[in-house]
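> Sequence:
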Amino acid sequence: MSIFNQKSKFRVQTEVRKIKQPVEKKPKPTTTPRASSLQPPSTSSARSTPRASPIPPHVQAPKRKTSPDVSKPCSSPPRKRRQPASARASPAAATPLSDSEPGSDDDDDWRERLDPNKRAKRARTVEDPDRRLRHPRLWSGRGGDERPAIVHAADVASLKDKCQPVMKLARDEVGVQLRYPGSKHMERYELVWGKDKIDGALDIMKVVRFVASTYLTNEQAKPFLDQDTGIHRRLEKSKNTQDGRGFKAALEEYNSRILALQEQGVIARNIDSMRGIPPELVEFILDQVYDRTVAPKVDLLTKYENGTDNVYGELLHPFVTDIFDRTKLSSGKVFVDLGSGAGSVTLQAALERGCESWGCEVMENACNLAEAQQREFAERCRLWGLSSGSVHLERGDFRKNEGTLEALKRADVVLVNNQAFTSQLNDHLVNMFLDLKVGCKIVSLKTFVHDNKIAENDVASSILEVEHLTYPEGYVSWTGAGGTFCISTRK
Numbered sequence: 003m004s005i006f007n008q009k010s011k012f013r014v015q016t017e018v019r020k021i022k023q024p025v026e027k028k029p030k031p032t033t034t035p036r037a038s039s040l041q042p043p044s045t046s047s048a049r050s051t052p053r054a055s056p057i058p059p060h061v062q063a064p065k066r067k068t069s070p071d072v073s074k075p076c077s078s079p080p081r082k083r084r085q086p087a088s089a090r091a092s093p094a095a096a097t098p099l100s101d102s103e104p105g106s107d108d109d110d111d112w113r114e115r116l117d118p119n120k121r122a123k124r125a126r127t128v129e130d131p132d133r134r135l136r137h138p139r140l141w142s143g144r145g146g147d148e149r150p151a152i153v154h155a156a157d158v159a160s161l162k163d164k165c166q167p168v169m170k171l172a173r174d175e176v177g178v179q180l181r182y183p184g185s186k187h188m189e190r191y192e193l194v195w196g197k198d199k200i201d202g203a204l205d206i207m208k209v210v211r212f213v214a215s216t217y218l219t220n221e222q223a224k225p226f227l228d229q230d231t232g233i234h235r236r237l238e239k240s241k242n243t244q245d246g247r248g249f250k251a252a253l254e255e256y257n258s259r260i261l262a263l264q265e266q267g268v269i270a271r272n273i274d275s276m277r278g279i280p281p282e283l284v285e286f287i288l289d290q291v292y293d294r295t296v297a298p299k300v301d302l303l304t305k306y307e308n309g310t311d312n313v314y315g316e317l318l319h320p321f322v323t324d325i326f327d328r329t330k331l332s333s334g335k336v337f338v339d340l341g342s343g344a345g346s347v348t349l350q351a352a353l354e355r356g357c358e359s360w361g362c363e364v365m366e367n368a369c370n371l372a373e374a375q376q377r378e379f380a381e382r383c384r385l386w387g388l389s390s391g392s393v394h395l396e397r398g399d400f401r402k403n404e405g406t407l408e409a410l411k412r413a414d415v416v417l418v419n420n421q422a423f424t425s426q427l428n429d430h431l432v433n434m435f436l437d438l439k440v441g442c443k444i445v446s447l448k449t450f451v452h453d454n455k456i457a458e459n460d461v462a463s464s465i466l467e468v469e470h471l472t473y474p475e476g477y478v479s480w481t482g483a484g485g486t487f488c489i490s491t492r493k
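Take the working numbering: the last position of the sequence shown gets the number 493, and nothing is skipped along the way.
Quick list of in silico lysine-lysine cross-link-like pairs, DSSO-like style, CA-CA up to 30 Å:
| # | residue 1 | residue 2 |
| --- | --- | --- |
| 1 | 197 | 170 |
| 2 | 299 | 197 |
| 3 | 493 | 448 |
| 4 | 250 | 197 |
| 5 | 239 | 186 |
| 6 | 402 | 448 |
| 7 | 224 | 250 |
| 8 | 250 | 162 |
| 9 | 402 | 299 |
| 10 | 186 | 162 |
| 11 | 239 | 162 |
| 12 | 411 | 330 |
| 13 | 411 | 439 |
| 14 | 402 | 335 |
| 15 | 239 | 250 |
| 16 | 170 | 239 |
| 17 | 164 | 250 |
| 18 | 335 | 448 |
| 19 | 186 | 250 |
| 20 | 299 | 162 |
| 21 | 239 | 197 |
| 22 | 170 | 250 |
| 23 | 186 | 224 |
| 24 | 197 | 162 |
Simulated from the structure, these hints should not be mistaken for lab results.
With the sequences and hints as input, model every part of the structure.
Here it is as structure tokens:
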């Protein structure tokens, strides 16, 4: 199955961007994937482990769409939503998005992404021969189908939320429904626009792209992705010309065609032949989950303890995928995120790689949002017809949580964002690593091996083999610049 690339939704803070360091061929730092625009209250302690603390990816002006989760102590401000700034900058009823405006350079790029002959080349899906992706409750056109308990887009972005109609639609014309490949029930949307709200039209267009390019063969996808007459192109043109009724007509045809493919068993057969999910689709699904559960309450993630290990910061989606690639994470393996924040990385591991995925977080607000994400994630996976690995989100101190400590003994990959951890906490972690099995990979922002070779009790140097690596700009939420990280292997 092929897919197309998708832009990230995160935006880096203006101040950080100005400090931008020369990085090889990185245009417009402003568009860096998921860099959060949140600024930590304290520079030093603010940067703790990205996953441990409660700052969700979409907290502030989200520019690019990359689904990063936050780990422990990294204090960068939370992001609000993860859609591209361009998408959010103005209502659809105003100026058409430049990245989809016919005749523009970006438009040519869009055509290239949807070209069936080029989509396969761009796909970087990791094929796992042991993975089975069909959701056990997938609706294949026969029998009943329990309605998914999702948070609908219209529940968080509607006229009631002071949003405005787009595409010259009257207030009583904005309601629409969108069909997904895994269920006969549809999601409710309103074609409206509001600051830091879901852009219904843009979200719908992305779903149409992903469904056609991921779930269908090139031949089956033609009615949806043909560059001149396809449904997606019609949606785009209607959006750009403010033709709300034309947009709704194209959407109705999309819903009808997907229903027919479901009833014919095409969707089910195609999912059965898949052995991996494109990272771009994983990112989009996680963004949907985040936008409906965390984004509306993202301010809760800013309430962290400054000057302690409990600070918030995030590793963005591209970084997390890179980590999975480097550590060869796959189904059948165990992933543990120490300081999992709102749970995004834990969910990403379960969906993208199909592994058993654990996360542990100590901060209450982050734990509450993580539970909300986990519920929505489970229902969204069914809506998309995809099965993920098992997810376990634990509350409490990961040094004492029994479930987490037991999972560590079986772990193949451990993530700990120790960017802002105290030396005492890092030393405690090293003692915990004594229980790891040989060959387990530990990914961290800072090395656990002391620089001082004569340091007393330097257990880390005796049990860990450390590889020092660099990441490019746009990989973390607290800065637009690149940085370093480590992958340590338990000897």
